[in-house]
Amino acid sequence: MRSILIILVFLTFSFSCSKSDSINNTNDNSNNSSNDNSNNDNNSNVERTTFYLSSSSGNDNSNGSQSNPWKSLSKISSIEFSAGDSIFFKKGDTFAGHFKITGSGSQDKPIVITSFGSSNNKPIITGSSSNISGGDFQEAIYVNNSDNIVFEGLEIQNNRTNKKSGVEDSDSFGIYIHNSSDDIMNNFTFRNMTFKNIYAITQVDPSNQEAFNQFEVAGVRFFTDWGKAHINNVLFENNFFTDLQRFGVHIKHSNANNGLDNRHTDFIFRDNEFKEIGGTCILPSRARNILIEDNIFNKPGAKTNSRMIGRGSAVWNWNSVNTIIQRNKAVGIRGILDSHGIHVDHKNINTFIQYNYMEDCEGGFVEILGGNETAVYRFNISVNDGWRDNPNWRNSNHTIWLNDKIGGDEGYASNNSYIYNNTIVINRTNNPYTTAIDLKANNTRVFNNIFYSVNGSSIGTKQVNVRDDNISMTNNLFYGNIDSRFINLDSDSVDKNPHFYNEELNNKMGYQLLKESGAINSGIQYSGRFSHPVIPTSESAIFSNVEPIPTTDFFGYKLNINSTPNIGASNAKNGEIIN
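Residue numbers (our numbering): 1 to 579.
Treat the hints with care, since some could be wrong.
What the hints assert, rightly or not - Straight-line C-alpha distance at most 27 angstroms; calculated BS3-like pairs for lysine-lysine:
1) Lys-71 / Lys-91
2) Lys-228 / Lys-196
3) Lys-196 / Lys-303
4) Lys-91 / Lys-228
5) Lys-196 / Lys-405
6) Lys-275 / Lys-299
7) Lys-275 / Lys-228
8) Lys-164 / Lys-71
9) Lys-329 / Lys-275
10) Lys-275 / Lys-303
11) Lys-163 / Lys-109
12) Lys-496 / Lys-515
13) Lys-252 / Lys-275
14) Lys-303 / Lys-329
As the list claims (entries may be wrong) - Pair ranges (Cβ atoms, derived):
15) Glu-410 / Gly-575: 43 to 49 angstroms
16) Asn-121 / Asn-507: 29 to 35 angstroms
17) Asn-431 / Ile-296: 24 to 30 angstroms
18) Asn-502 / Ser-180: 53 to 59 angstroms
19) Asn-121 / Val-546: 45 to 51 angstroms
20) Asn-392 / Ser-254: 30 to 36 angstroms
21) Asp-225 / Asn-506: 45 to 51 angstroms
22) Ser-563 / Asn-415: 27 to 33 angstroms
23) Asn-213 / Glu-410: 36 to 42 angstroms
24) Asp-389 / Gln-209: 31 to 37 angstroms
25) Ala-211 / Asn-560: 29 to 35 angstroms
26) Asp-294 / Asp-225: 31 to 37 angstroms
27) Gly-556 / Asp-271: 14 to 20 angstroms
Everything labelled a hint here was simulated from the structure, so no lab data went into it. Idealized CB from N, CA, C, for every residue including glycine.
With the sequences and hints as input, model every part of the structure.
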């Protein structure tokens, strides 16, 4: 009887252990319970939900539990993951090699890739190292035709210096999300991640337009092959990007036309910081429904590393539909071409740039290139933008630039562009400069803006070149040194002092209006031709908290559609000041 009881207890215990920590993995020979410290390699069809790695103390022959973690990226890459699985990398450790993610989660049970441990330093995953045999990898993490994945609390690097067979010297990515299938890839989240030190082996001259366009090094790359399905529902939140050769995030589809079908869809970028990026922070290309809000873009187009490309607006879109860019801060932007705060490139539909603060952007403020429909700049503040002096391009710096070219060919005038209720300030006590106004478009509306230039700088003096038979320009306030050719385009200009609160604050709060401001109640009402263009918020759930038309100004003061608005980005009526 006693022997029978012992046998029953043993069988019950054994069943309990294998049930609680099982692994579903036919590719891995180390399939033990995560609570089992043995190295039994004979179980091949048990399920498991957690995997732990430590490059400093792990062993690929262990069971991959928290107390006995695996060591290498090659080991974890041999696993085919299932919905609800979690992969933990030890904080403070560096993992060099290539992590290929196989298997998908589900919408309610994503695969989660994150960290564990007590170190203050995130685990580093890098595709480059002198210890990697055969050269540096194209990317540190590769996702091909898998989806429903969350990345959280990791640092990703890939500073390529060693050639690798089959990998272009001009390629380097941190994480590469790649669709080469006929199925849509859904649901990716990036939260509390760091992307840094990502470089290709080769460098590119930013003045060589063809080479510049083909150079696509990025912290995160989304790409779909020709004729294949798109990538949908992506969130970037509270991430940090720095020291990247060109892009922070690059979204690219191979074959979307300018219709509405088969584009990457529903991308949100919120509360991220980009610091000293060699090129552009975010580039949606052939995408639909993009929301970029509350981010910091600090020194895009940087050359803090000589390998950086050194050219890029903070954000620009190409051949995309419904791009909303709001409440961001873009400062210190550099580059010999483009390099405005935020610009609208070619063939976009419905681009709304609103409630942003831009300062010290070398190229200028407004940039709308050829072939766009409904590009909107409203309720932004621009301070000391457009000071570039390119000896090979006389009017290389603009306060407003609307171009009718695509690929050097003219005849692609953008239609229905709106520039209204912006506050544009040039006030540099040292090194004053002059800007150009170039406007080659159709049905452009420029109204209710403050143009303010003092202390030796001027707006439009370099050039005023307007070719738009249907331009509507009215109720703009001009103060200081503004070229008369530009002022004369306005049918009802306002020549008054805007009386800013305190420019010496050197931030957005200084451009509120005192009660004696000439901008108060001097605008044109939002009706008829000057009605607000409407954001198509019903197109996607990602716009659920976006207003179709503005109900507040830059500072949060209410807009009353039935009353006369102020000129500029502030609609405060009685000198109210937000501290």
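Review point. Are the Cα positions of Lys-329 and Lys-275 separated by 27 angstroms at most?
Key: Measuring from Cα to Cα gives roughly 12 angstroms; hence the hint holds.
Review point. Should the hint that Asn-121 and Asn-507 are 29 to 35 angstroms apart at their CB atoms be regarded as holding?
Key: 32 angstroms, holds
Exercise for review: Mind checking the alpha carbons of Lys-496 and Lys-515 for me, to see if they're no more than 27 angstroms apart?
Suggested key: 13 angstroms, holds
Practice item. With respect to the beta-carbon atoms only, verify the hint that Asn-392 and Ser-254 lie 30 to 36 angstroms apart. Key: 33 angstroms, holds
Review point. Holds or violated: are the alpha carbons of Lys-164 and Lys-71 at most 27 angstroms from each other?
Key: 23 angstroms, holds
Review point. Can the restraint linking Lys-228 and Lys-196 be considered satisfied, given a maximum Cα separation of 27 angstroms?
Key: Measuring from Cα to Cα gives roughly 30 angstroms; hence the hint is violated.
Check your understanding: Straight-line Cα separation of Lys-163 and Lys-109 no greater than 27 angstroms?
Key -> 38 angstroms, violated
**Study point:** Holds or violated: Lys-275 to Lys-299, with C-alpha atoms at most 27 angstroms apart
**Key:** 6 angstroms, holds
Check your understanding: If you draw a straight line from the CA of Lys-196 to the CA of Lys-405, is it 27 angstroms or shorter?
Key -> Violated, at about 35 angstroms.
Review point. Between Ser-563 and Asn-415, does the beta-carbon spacing fit 27 to 33 angstroms?
Key: 30 angstroms, holds
Practice item. Given the hint that Lys-275 pairs with Lys-303, test it: the Cα-Cα distance must not exceed 27 angstroms. Key: 12 angstroms, holds
Check your understanding: Okay, Glu-410 versus Gly-575 on CB: inside 43 to 49 angstroms?
Key -> 47 angstroms, holds
Against the hints set out earlier in the document, violations occur for numbers 2, 4, 5, 7, 11, 19, 23, 24 and 25.
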